[in-house]
Amino acid sequence: MPSTFMRRRFARPLLVFAQVLLAQAIVLVLAFLFAAIPLVARQAPGAIPPRPLELQGDSLGEPLAVFMGNHPKALCQDVSKTRRDCYQWENVSIYGLSPRPDSDCTPARHARPGCEQGLTAQFYEGHLFMISYAVSGKDKGPAVVFLKKKFSAPISDTPDGTVWAVGNRTLSVVVEKSGGRGDVESIVRFTLKGIEVAAPPRP
20 MPSTFMRRRF ARPLLVFAQV LLAQAIVLVL AFLFAAIPLV ARQAPGAIPP RPLELQGDSL
80 GEPLAVFMGN HPKALCQDVS KTRRDCYQWE NVSIYGLSPR PDSDCTPARH ARPGCEQGLT
140 AQFYEGHLFM ISYAVSGKDK GPAVVFLKKK FSAPISDTPD GTVWAVGNRT LSVVVEKSGG
200 RGDVESIVRF TLKGIEVAAP PRP
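Everything in the sequence shown is counted per my numbering, starting at 20 for the first residue and increasing by one.
If you're looking for bench data, these hints aren't it; they were derived computationally from the structure.
Simulated pairs of lysine-lysine, DSSO-like, Cα-Cα distance not exceeding 30 Å:
1) Lys157 <-> Lys196
2) Lys196 <-> Lys92
3) Lys196 <-> Lys169
4) Lys168 <-> Lys196
5) Lys168 <-> Lys157
6) Lys167 <-> Lys157
7) Lys196 <-> Lys167
8) Lys92 <-> Lys169
9) Lys92 <-> Lys157
10) Lys157 <-> Lys169
So the derived label-pair ranges between C-beta atoms look like this:
11) Glu73 <-> Gly145: 14 to 20 Å
12) Lys167 <-> Ala84: 31 to 37 Å
13) Phe165 <-> Gly80: 21 to 27 Å
14) Pro82 <-> Asp176: 29 to 35 Å
15) Gly160 <-> Ala84: 32 to 38 Å
Glycine included, every Cβ here is placed at the ideal spot set by N, Cα and C.
Kindly generate the complete structure, drawing on both the sequences and the hints.
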């Protein structure tokens, strides 16, 4: 019968061997878990970065020259040394909707009620920080359906307005009233703007 000394002599290496096996098993399990986490993250819908907001091919931050290439009929005026605003009333449409402005609109007359419909773009130090389409219409539904497919779910969606937000930029589609011709007319306004860029004060 083995002595107590012999049992202790053989038990110690077995215990060490078992501890080594256990440690190796833990390392393998942790390695598997860390390898699986990126795969799960890639498959999760929330891990897909949101698509950058844009409107009719124009993106915030684009240079004035790029905008003019997209809208060669736009008319611009300097508001200050760093601010330039551009307007277009002819050949403007968005998602099947078009504006109905007065026939004599100019940048100097852009604030008149009859000239509020159309395209407006604002630039700060030569880069776009706001673009807006105001068009005649009562129903924003078809445009919103298309934009939901393009940019996923909005952060707000009511009968009067729908808003998307990605980072510090927002895209809104709002139904509002206009009295440009002496009567109340419904217009749909599409606006893309960056909240991080404050519009410089007018001189």
